[in-house]
Every structure is written in C-alpha cells, then in structure tokens.
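For the sequence shown, the positions run 1 to 301 when my numbering is used.
Derived from the structure by calculation, the hints contain no laboratory data.
Where a beta carbon is used, it is the ideal one built from N, C-alpha and C, also for glycine.
Treat each hint with caution, since some may be false.
Said to hold, decoys possible - Distance ranges between label pairs, derived from CB positions:
id, residue 1, residue 2, range
1, Thr281, Gln258, 25 to 33 Å
2, Arg142, Leu191, 16 to 24 Å
3, Gln234, Ala212, 48 to 56 Å
4, Gly214, Tyr114, 35 to 43 Å
5, Arg60, Gln234, 43 to 51 Å
6, Gly165, Gly47, 37 to 45 Å
7, Gly119, Leu90, 14 to 22 Å
8, Ile238, Arg60, 45 to 53 Å
As the list claims (entries may be wrong) - Keeping only pairs whose Cα atoms sit at most 25 Å apart, straight-line, the calculated SDA-like set for lysine to any residue is:
id, residue 1, residue 2
9, Lys290, Lys115
10, Lys253, Ser237
11, Lys85, Val110
12, Lys147, Gly58
13, Lys290, Ala19
14, Lys193, Gly58
15, Lys38, Asp51
16, Lys239, Glu289
17, Lys46, Arg203
18, Lys46, Ala19
19, Lys253, Gln210
20, Lys147, Ala109
21, Lys290, Thr226
22, Lys239, Tyr78
23, Lys115, Gly96
24, Lys253, Arg197
25, Lys17, Lys115
26, Lys253, Ser266
27, Lys31, Tyr216
28, Lys84, Asp51
29, Lys116, Lys147
30, Lys116, Pro148
31, Lys231, Leu215
32, Lys17, Pro277
33, Lys31, Gly20
34, Lys253, Lys239
35, Lys17, Ala29
36, Lys38, Thr190
37, Lys253, Glu289
38, Lys193, Ile97
39, Lys290, Glu30
40, Lys290, Glu79
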Amino acid sequence: MISINVTNTTVYAVCGKYAGGRVAVQAMAEKPLFGYVKSDGTSDVKGFADDLRQVLAGFRENTVTIQFSESTVVSSQYEFPYEKKPVAMLNIVRSGITQNTQDHIMDYAVLDIYKKDGGEFSTVQVYLTPRTLVEFAGEAIRMAGKKPYRFQVAENCLYNLQNTGDGFGASNVIVASIGSARVSVTLLTTLEKVLTRTAPVLREAEAYNQAAQGLYDPSAAMQAATEQISKMIQYQSIKEPGHPVDQIYLFGKYVSPQDVRDMGDSLGAPVSLLRQPDYVTAPEGFPFEKYVHAVGALIEK
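Make the full structure from the sequences, and use the hints.
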C-alpha cells in the first residue's frame with residue numbers, strides 16, 4: 001500500500017503494510033509541490049499529478065491512500081446502534097448524520113462499542129471532506145499512473161496510531177501538527193474521545209510563497225498552536241474531570257527542539273516531539289515526525 005500526505009508545501013509518501021498490530025514502512029519519499037494545492041480542490045490537477053508521478057516513481061505498489069494535512073474537514077461525534085456488517089453500519093451512519101452530505105465525501109470511525117437498553121450501541125466519529133477535493137485527488141492519482149484506494153483524514157490517522165500497540169506512550173494526549181498555513185491540535189483520550197481544533201496562520205498562497213523562498217517564520221504557527229493547546233487543556237479538565245492531559249506532542253516540518261522547550265515553559269505542561277512508536281518499523285534514519293499522517297493512513301481497522 002502507498003500512503004500520501006499532502007501539506008501546503010510538500011508531498012510525503014510511504015510504501016508499507018499493516019498486519020498483526022504492526023506497521024512496516026518499506027520506503028519513503030518527499031517532494032516540494034510545484035505550487036500550493038487549494039483545500040477546495042480547484043488547483044491545477046495536471047501539475048499536481050506530475051508531482052505525484054515523481055514522488056511515486058520508485059514505488060512498486062499500485063494502490064494509493066491520500067490525506068491532505070491542511071484541508072478543511074468537518075468532524076462530529078454521534079451515538080448510533082451498532083451493526084457488525086460494514087454495509088449495514090454505513091447505512092446507519094449515513095441516515096443518522098445531520099450535516100448535508102451532497103457536497104462532501106463521508107468517512108467514519110467506530111470509537112467504542114457498548115451495551116445499552118438491551119442492545120449494542122457505538123460512538124462514531126464522522127468526517128466530511130469536500131467532494132471537489134476528493135475527486136481532484138482521485139483524478140491526479142490516476143493521471144500519475146496509480147489507483148486511488150481511499151481518502152483518509154488527519155484525525156483518523158492519529159486515532160489509529162494512538163490505538164495501535166502502546167500508541168504514543170500516554171493515555172490522554174494532545175497531538176499538534178504545525179503546518180505553514182494552519183495548525184491542527186487533536187485531543188485523544190482513554191474515553192474514546194477525538195476532538196480537533198484548527199487555527200489559520202497564513203493564507204495558503206502566502207504561506208506557500210514564503211516557504212518556497214526560504215522566508216517562512218514558524219513563530220506565528222507556534223503561537224497559534226500554544227493558544228489552541230491551552231484551550232484544549234481547559235476543555236479536557238471541564239469535560240473529563242480527573243482525567244487530565246498526560247502529554248503534549250508536536251510534529252511537522254517546522255518544529256524545532258527550542259520550540260518544544262518554549263511551549264512547555266509557556267504552558268507549564270509536558271511537551272515533546274512526537275517519536276516513532278515501537279510498533280512501527282522503518283528504514284534507519286526514517287524521519288517519522290514528517291511522515292506521521294502518511295504512516296497513520298497505512299493502518300486499516
């Protein structure tokens with residue numbers, strides 16, 4: 001399986017497999033984008049396909065899962081009756097969500113299954129991604145000579161990583177992705193809660209141009225992340241008293257060890273760079289912090 005993560009400036013790709021609760025990364029590649037990819041899926045599809053073709057040139061696998069780190073995804077949590085058959089469960093979710101799905105592609109994850117009122121119920125996280133973006137990605141993958149398999153969302157990638165093996169090594173965690181145009185802060189708890197706060201930093205085109213010219217300053221992104229993480233810590237203390245955030249992890253191209261130390265001092269909380277979990281094997285020197293979403297997208301549950 002090939003998994004691709006597209007940020008505002010770079011395409012990251014891994015080739016690997018998930019089996020027996022372990023992820024094996026066999027190869028990786030990255031390439032700066034020729035131009036920024038709009039989060040509404042209205043960019044130059046041929047140019048993006050050329051980027052994909054180049055980054056995937058050394059991969060033998062044919063099927064591709066793609067995930068856009070800086071795309072706009074609507075995420076909501078629901079309680080639904082649980083069905084073991086995937087098609088039946090899909091129909092329950094489709095009929096039960098409140099958002100308009102005409103212009104979106106739906107994905108969902110079953111977070112918890114429990115007994116209630118004599119039956120089985122589930123907590124379900126539902127994701128809605130703009131249809132134009134999914135169709136844009138599928139067309140670009142086909143033009144690059146590969147087969148689109150599925151579209152994955154960032155929250156689901158992080159949830160899968162946290163709920164495989166020993167996860168990130170702590171129970172109630174905040175995982176923050178520091179991007180050039182926006183930051184995304186995700187809360188993952190032992191009570192099967194998934195919540196993401198996203199804050200813009202710069203307009204997509206402006207962030208791309210600054211990064212391409214070597215002028216990008218991540219200080220604004222770090223400030224936005226600190227503010228959103230502080231709000232998330234407060235949220236967790238109110239919603240789940242007695243279950244505080246155990247650890248805060250940062251990852252992304254623009255995060256430095258000094259940024260980690262500064263944020264820890266500012267928040268008065270444990271902050272560290274996100275490290276590669278023990279259940280993930282990869283070639284020596286694999287920069288996991290840049291491929292987090294791509295690795296998470298390899299996991300199918």
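Each hint tested on the structure:
Distance hint check for Thr281 and Gln258: the Cβ-Cβ separation is about 30 Å, which falls inside the suggested range of 25 to 33 Å. Take Arg142 and Leu191: their Cβ atoms lie about 41 Å apart, and the range 16 to 24 Å is violated. A hinted range of 48 to 56 Å for the beta carbons of Gln234 and Ala212 is inconsistent with their spacing of about 37 Å. The given range of 35 to 43 Å is broken by Gly214 and Tyr114, whose C-beta atoms sit roughly 52 Å from each other.
Hint check: Arg60 to Gln234, Cβ distance near 48 Å, so the stated range 43 to 51 Å holds. For Gly165 and Gly47, the hinted distance range of 37 to 45 Å is satisfied, since their beta carbons lie about 39 Å from each other. Between Gly119 and Leu90 the beta carbons are some 18 Å apart, a value that agrees with the proposed interval 14 to 22 Å. Between Ile238 and Arg60, the C-beta spacing of about 50 Å keeps the proposed range 45 to 53 Å intact.
Between Lys290 and Lys115 the alpha-carbon distance is near 40 Å, which puts this suggested pair outside the 25 Å criterion. Of the supplied pair hints, the one linking Lys253 and Ser237 is violated, its CA atoms being roughly 30 Å apart against a limit of 25 Å. Between Lys85 and Val110 the CA atoms are separated by roughly 13 Å; this keeps the pair inside 25 Å, and the hint holds. For the suggested pair Lys147 and Gly58, the alpha carbons sit about 15 Å apart, so the restraint of at most 25 Å is met.
Restraint check for Lys290 and Ala19: satisfied, since their Cα atoms lie roughly 22 Å apart, inside the 25 Å limit. With a C-alpha separation of about 38 Å, the suggested pair Lys193 and Gly58 falls outside the 25 Å cut-off, and the hint is violated. Distance check on the hinted pair: Lys38 and Asp51 sit about 15 Å apart at the alpha-carbon level, within 25 Å; holds. For the hint pairing Lys239 with Glu289, the CA-to-CA distance comes to about 29 Å; that exceeds 25 Å, so the pair is violated.
About 23 Å separates the Cα atoms of Lys46 and Arg203, which keeps this hinted pair within 25 Å; it holds. Taking the CA atoms of Lys46 and Ala19, the gap is about 34 Å. The hint is violated against a cut of 25 Å. Between Lys253 and Gln210 the alpha-carbon distance is near 14 Å, which keeps this suggested pair within the 25 Å criterion. In summary, the hint linking Lys147 to Ala109 is supported, as the alpha carbons are separated by about 23 Å, within the 25 Å threshold.
Taking the CA atoms of Lys290 and Thr226, the gap is about 20 Å. The hint holds against a cut of 25 Å. Note on Lys239 and Tyr78: the hinted pairing holds, with a Cα-Cα distance of about 16 Å set against a maximum of 25 Å. For the suggested pair Lys115 and Gly96, the alpha carbons sit about 19 Å apart, so the restraint of at most 25 Å is met. Restraint check for Lys253 and Arg197: satisfied, since their Cα atoms lie roughly 19 Å apart, inside the 25 Å limit.
For the hint pairing Lys17 with Lys115, the CA-to-CA distance comes to about 33 Å; that exceeds 25 Å, so the pair is violated. For the hint pairing Lys253 with Ser266, the CA-to-CA distance comes to about 21 Å; that is within 25 Å, so the pair holds. Of the supplied pair hints, the one linking Lys31 and Tyr216 holds, its CA atoms being roughly 18 Å apart against a limit of 25 Å. About 40 Å separates the Cα atoms of Lys84 and Asp51, which puts this hinted pair outside 25 Å; it is violated.
Of the pairs offered as hints, the one joining Lys116 and Lys147 is violated, with about 41 Å between alpha carbons and a cut-off of 25 Å exceeded. Distance restraint check for Lys116 and Pro148: the Cα-Cα separation of roughly 38 Å exceeds the 25 Å cut-off, and the hinted pair is therefore not satisfied. With a CA separation close to 29 Å, the supplied pair Lys231 and Leu215 exceeds the 25 Å bound. At most 25 Å may separate the alpha-carbon atoms for a hinted pair to count; Lys17 and Pro277 meet this at roughly 15 Å.
For a cut-off of 25 Å, the pair hint linking Lys31 to Gly20 is broken: about 31 Å separates their Cα positions. Between Lys253 and Lys239, the direct Cα distance comes to roughly 32 Å. Violation of the 25 Å bound is thereby established for this hinted pair. Between the alpha carbons of Lys17 and Ala29 the distance comes to roughly 16 Å, so the proposed pair stays at or under 25 Å and holds. A C-alpha spacing of about 35 Å is found between Lys38 and Thr190, which places the hinted pair above 25 Å, so the restraint is violated.
Pair hint Lys253 plus Glu289 holds up; C-alpha atoms about 8 Å apart against a cutoff of 25 Å. Of the supplied pair hints, the one linking Lys193 and Ile97 holds, its CA atoms being roughly 18 Å apart against a limit of 25 Å. This hinted pair checks out: Lys290 and Glu30 have alpha carbons roughly 9 Å apart, not beyond 25 Å. For the proposed pair Lys290 and Glu79, the alpha carbon gap of about 34 Å is over 25 Å, so the pair is violated.
When held up to the earlier numbered hints, the structure conflicts with 2, 3, 4, 9, 10, 14, 16, 18, 25, 28, 29, 30, 31, 33, 34, 36, 40 and fits the remainder.
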